[in-house]
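Enquirer: Residue-level listing of the chains:
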Amino acid sequence: MIKKLIKRIAGLIFILVILSFLVFLLMYLAPGDPAEKRLTSQGVAVTKQVLDAERERLGLLKPFLVRYAEWLFGVVRGDFGVSFKDDMPVAPKLLQGLKNTSILALSSLIISIVISFTLGIVSAEKKNGIADHIIRVFSFVSNSLPNFLIAVLLMYFLCIRLSLFPVIAKGDFQGLFMPVISLAIPMTGRFVRQMRAEFMAQLSEDYVTGMRGRGVKRRFILFNVIRNSLGHIFTIVALQIGTLMGGSVVIESIFRWPGIGKLVMDSITARDYPVIMGFVVIMGTIYVLINQLSDVLCHKLDPRTRL
Amino acid sequence: MKKRIAKIKIIFVSILALLLIFVTCFAGLFAHNDPYATNALAIRTAPCLQYPFGTDNLGRCVFARVLYGGRTTIAATFLLVFISFVIGTVVGMIAGYFGGLADRLLMRFADITLAFPQMVVAIAVAGILGTGMTGAMISLGITMWVSFARLSRSHTLSLKNEGYIQTAFFAGKSDLYIIMIHIFPNLLAPVFTNALTQIGTTMIGLSGLSFLGLGVIPPKAEWGSMISEARAYIQIAPWAVFYPALATIVTIIVFNYLGDAVMDYREA
Amino acid sequence: MGNKILEIKNLHVAYEEKEVLTGIDLDVIKGEVLCIVGESGSGKSTLIRTVIKDKAVKLIDGSILYFGQEISSFRERDYQKLLGTEIGFIQQNPWGAFNPIRTIEAQFKETARSHGISFDREKLKDIMDTLGLKDTSKILKSCPYELSGGMSQRIAIAASFYLNPKLLFCDEITSALDVSTAISVCEELCRLKNNMMTTIVMVTHNLGMASNLADRIAIMYKGEVVEEGKTEEILRNPQHEYTKRLLRDVPGLKAV
Amino acid sequence: MEHILEGKELNKRFASEKGDTTALTDVSFYLDKGEVLGIVGESGSGKSTLLKVVSGMITPDSGDLFHDGKKYTGQKPRKTGEFLQVIFQDAKSSFDPRMPMERSIAEAGRGRADRALILEHIKKVGLDEELLSRKPSQLSGGQCQRMSIARAFYSGAGILLCDEITSALDVSSQAQVVKVMKNLKNDGKMSALFVSHDIALVSMICNRIMVMKDGRCVEQGEIGKIISDPQHEYTRKLIESARKQEIVNEVY
Chain A
1 MIKKLIKRIA GLIFILVILS FLVFLLMYLA PGDPAEKRLT SQGVAVTKQV LDAERERLGL
61 LKPFLVRYAE WLFGVVRGDF GVSFKDDMPV APKLLQGLKN TSILALSSLI ISIVISFTLG
121 IVSAEKKNGI ADHIIRVFSF VSNSLPNFLI AVLLMYFLCI RLSLFPVIAK GDFQGLFMPV
181 ISLAIPMTGR FVRQMRAEFM AQLSEDYVTG MRGRGVKRRF ILFNVIRNSL GHIFTIVALQ
241 IGTLMGGSVV IESIFRWPGI GKLVMDSITA RDYPVIMGFV VIMGTIYVLI NQLSDVLCHK
301 LDPRTRL
Chain B
1 MKKRIAKIKI IFVSILALLL IFVTCFAGLF AHNDPYATNA LAIRTAPCLQ YPFGTDNLGR
61 CVFARVLYGG RTTIAATFLL VFISFVIGTV VGMIAGYFGG LADRLLMRFA DITLAFPQMV
121 VAIAVAGILG TGMTGAMISL GITMWVSFAR LSRSHTLSLK NEGYIQTAFF AGKSDLYIIM
181 IHIFPNLLAP VFTNALTQIG TTMIGLSGLS FLGLGVIPPK AEWGSMISEA RAYIQIAPWA
241 VFYPALATIV TIIVFNYLGD AVMDYREA
Chain C
1 MGNKILEIKN LHVAYEEKEV LTGIDLDVIK GEVLCIVGES GSGKSTLIRT VIKDKAVKLI
61 DGSILYFGQE ISSFRERDYQ KLLGTEIGFI QQNPWGAFNP IRTIEAQFKE TARSHGISFD
121 REKLKDIMDT LGLKDTSKIL KSCPYELSGG MSQRIAIAAS FYLNPKLLFC DEITSALDVS
181 TAISVCEELC RLKNNMMTTI VMVTHNLGMA SNLADRIAIM YKGEVVEEGK TEEILRNPQH
241 EYTKRLLRDV PGLKAV
Chain D
1 MEHILEGKEL NKRFASEKGD TTALTDVSFY LDKGEVLGIV GESGSGKSTL LKVVSGMITP
61 DSGDLFHDGK KYTGQKPRKT GEFLQVIFQD AKSSFDPRMP MERSIAEAGR GRADRALILE
121 HIKKVGLDEE LLSRKPSQLS GGQCQRMSIA RAFYSGAGIL LCDEITSALD VSSQAQVVKV
181 MKNLKNDGKM SALFVSHDIA LVSMICNRIM VMKDGRCVEQ GEIGKIISDP QHEYTRKLIE
241 SARKQEIVNE VY
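In order, the protein sequence lines correspond to chains A, B, C and D.
If you read the first sequence in the working numbering, its first letter stands for residue 1, the second for the next number, and so on.
If you read the second sequence in the working numbering, its first letter stands for residue 1, the second for the next number, and so on.
If you read the third sequence in the working numbering, its first letter stands for residue 1, the second for the next number, and so on.
If you read the fourth sequence in the working numbering, its first letter stands for residue 1, the second for the next number, and so on.
Source of the hints: derived by calculation from the structure; they are not laboratory data.
Be aware that one or more of the hints could be misleading.
[As the list claims (entries may be wrong)] In silico SDA-like links for lysine to any residue, alpha-carbon gap of 25 Å or less: (1) C/193 to C/31; (2) D/237 to C/150; (3) D/92 to C/150; (4) C/81 to C/126; (5) B/160 to D/26.
[Unchecked claim] Residues from chain D shown here face chain C by an in silico Cβ test under 7 Å; the list is partial: (6) 170; (7) 201; (8) 233; (9) 237; (10) 247.
None of the values given here were measured: they were computed from a predicted structure.
Just so you know, even glycine gets a beta-carbon here, dropped at the ideal spot from N, CA and C.
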């Protein structure tokens, strides 16, 4: 067991290194010169001399592998480098952004899970009933809505038409409401579908028939069904974290929420490579860790699944 | 019975889907205005006879832009799904059938790509590549073909254990024959169903990237970027947001429903 | 006769929108072992599922009387109390009786609580002994997925008898087991049946096994009972063509 | 005379989660022309593994296989298919669901196309020519299984390896398959290994049987002798179980 975990973690580190290398390589090959971007944004007249000096200063003239190695060693020590845009260290920026993003992401995740868990059980237990049909239509439609659309439409109706909320989000509850809802709606749609399917699969297992045949009370049967679904539900949630991360980039940009997603969008326009790299590595690490954790949890909850 | 209902559903939604494709493909037949012609005299005009969906803040016809934009979105989605489908199926089939080094390489690569959130990678890659729709497609394609490869690999593995494949071995048939005559036709249906269900997701992804400014390069019409542009003056001209939004929602719903219907049919 | 425990009259039943049982008339007499023999698709399992009111099964017409009382007249809650304590049910899948990933003890307790009785370890131990299950406390602590098929099926039988039902339905309970295990499970089942005065309805495709166990046999074919009667009569003097064919087709030990 | 098929001291181990499991330990057997050898055992006895080893689907760790005295250890199904054919438990999945039966059967012909021969074999297994244009889903399990016997014969291979070929079938379909096997055996053209868990069934078809348990052969010999006088305790148990599943009837 412990041996397996160590093996897994080693594999993860390997995967992270490979991915960061690929992203680094891509940046190296991609068009667009950060030095030039920076100079023009500062209003400096760009001449060959100034440009070269700036490139030298940013370390862009060193060979590719040296740059990557330097960056990698930095990251291991928790140093994500210095922003090309304003010469500030990247790590605190990312951390601050991550904090804000977590507030947003966790709130919408919790709301989604609570709603979809309930709806999923109701829907699966009363299969083909009225409630089931309504829930299915709801989950199908909300699953088909891109979150940027929900955000824009919510903004129009709630902020402009009804003036219930401010257009630009502040860090308070009011400001949190709309971004959270925009993220939660499509996610809830997906969760409901998957959880319903999982509950239905459990309900059609032989042990449910067996318990019914032995006259076990409905609430005990339901308890067993939920207990056995938990493992898969963790996996379902963990896999959605990725979509949530992508979605929060969009939502943060729309609502100007000072999270890591907005940070990375600003950095993309500025060709601020250290920030983009940091973003990819941090998001990747979180995602990978959560999925590993869910695997372990899944194995703990259902020992039949292999680790 | 269930199968019949599912079949009727499929036919119905397929007609809708074909209609959508037809309208956007032959946008010129339906839209009389040039989607790129600006008109300083008709800025932000409300929907009227000449501009059924109104105009945007450059005086361009929203109706024409929605139709032409649909062409961009739908064509890009289909192309991306198709390319991923072809590459993924072939690679997955070969890896699953022959096993060995090719298989291990594929699985390693799949592990790596799937270990990362798709949209995060896509945003980073599209942001770095920054070459319009192609960049957005590449950034989504990097991870998408892997899902096809994994699916067709797992189907190939289970098909390989079927009696008729084993019997074909005993009949002395070549690998190429077994792959082309037995494996490919039998794996096509499930992988194709997966392709159908991917269309909606891909559309959401592509228009999301465009919305962020990582997709098409303006002034090219595309729903996501149209919504993003018009968002700034939504108070004055909400139609410039609503109609592309409506088009996006309808299209995604139709294709998602098609995917669901086909899945129901196969399970019934 | 007043000793009918179950009367099935003109039963028409649909399973997943298809009519599977087309007019079944069958009585179960107190204290007997009735074997319902048929091949796949004959509707024999659907018959049992109708009695336990499985949700996938839909009653179209006819009636089932348990001690003279129509079972469809029971409310769901009352019938749930009846299942287990009055009418028991064991499935083909040996792991089908219990949640595979929870301990057997927890599930025994749930069963007992559902019927408002306390969990009596000694009583269970007696039953398990009869079934050849030695280490009761160890078994109670394990989860079904860790146990073999034969063991799991024995525990399922123990669970049924623990509630002491008057009527026990067994749906192909040995066909997922190895031959030698199947035989001993059958023998233990009979021993328990005699100890506890249970009536058993056993569904099987195996006419050979039925002939060894049954007091009476009912032959099912395409949704109908084509023949029923005392075991010896059916074997010695089959009336229906299908029964004759079935008797001829069962392989017997022969030296070529 | 050379045995048509012979295996000597076959061993096979599988690596699994809980360490190695032994599937076969020192199993030897022989099969003469025109003879049917039954291999009996319960689940996990290694009987199916033995069949896979003999057919070439898996290579034994040690031991040798001979066909007509010639060693063929390590040969893959493409090669072994020239003299032996396997018939699987799941008859339906033995045919490509998308192909009509005739095409599937013709495929086994190793390049030769002889419709008359196909028809002849179809008749021999008691099936109608009209079924050849159908797909496997339109046939019953028993019909499919007889089709696969016909296909095996059409391939020109003289040896059949049957892996629980009736255990997924109903009693009446099983009886038909058994009848076909008996007829073919009486023709004298078929040599076969017949793997089954049902000793009664095996006794109806085979000349000799081999009883397997935990990857070992516990007893081997003439069927009549083994049934009337089993030496090994496990064999005795199997026979006793089978007796208890026989129809108790004086008339039959």
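Enquirer: Work down the list of hints and note, for each, if the structure agrees.
Expert: Hint check:
1. C/193 to C/31: Since the Cα atoms of residue 193 of chain C and residue 31 of chain C sit roughly 9 Å apart, the hinted pair holds (cutoff 25 Å).
2. D/237 to C/150: Since the Cα atoms of residue 237 of chain D and residue 150 of chain C sit roughly 16 Å apart, the hinted pair holds (cutoff 25 Å).
3. D/92 to C/150: With Cα atoms ~29 Å apart, residue 92 of chain D and residue 150 of chain C exceed 25 Å; violated.
4. C/81 to C/126: holds, 24 Å
5. B/160 to D/26: The hint is violated at about 29 Å.
6. 170: Constraint on residue 170 of chain D satisfied, holds at 4 Å.
7. 201: holds, 5 Å
8. 233: Hint violated; residue 233 of chain D Cβ to chain C Cβ min 12 Å, cut 7 Å.
9. 237: Holds - the Cβ of residue 237 of chain D comes within 7 Å of chain C, reaching about 5 Å at its closest.
10. 247: Holds, about 5 Å.
Of the hints listed earlier, those the structure fails to meet are numbers 3, 5, 8, in rising order.
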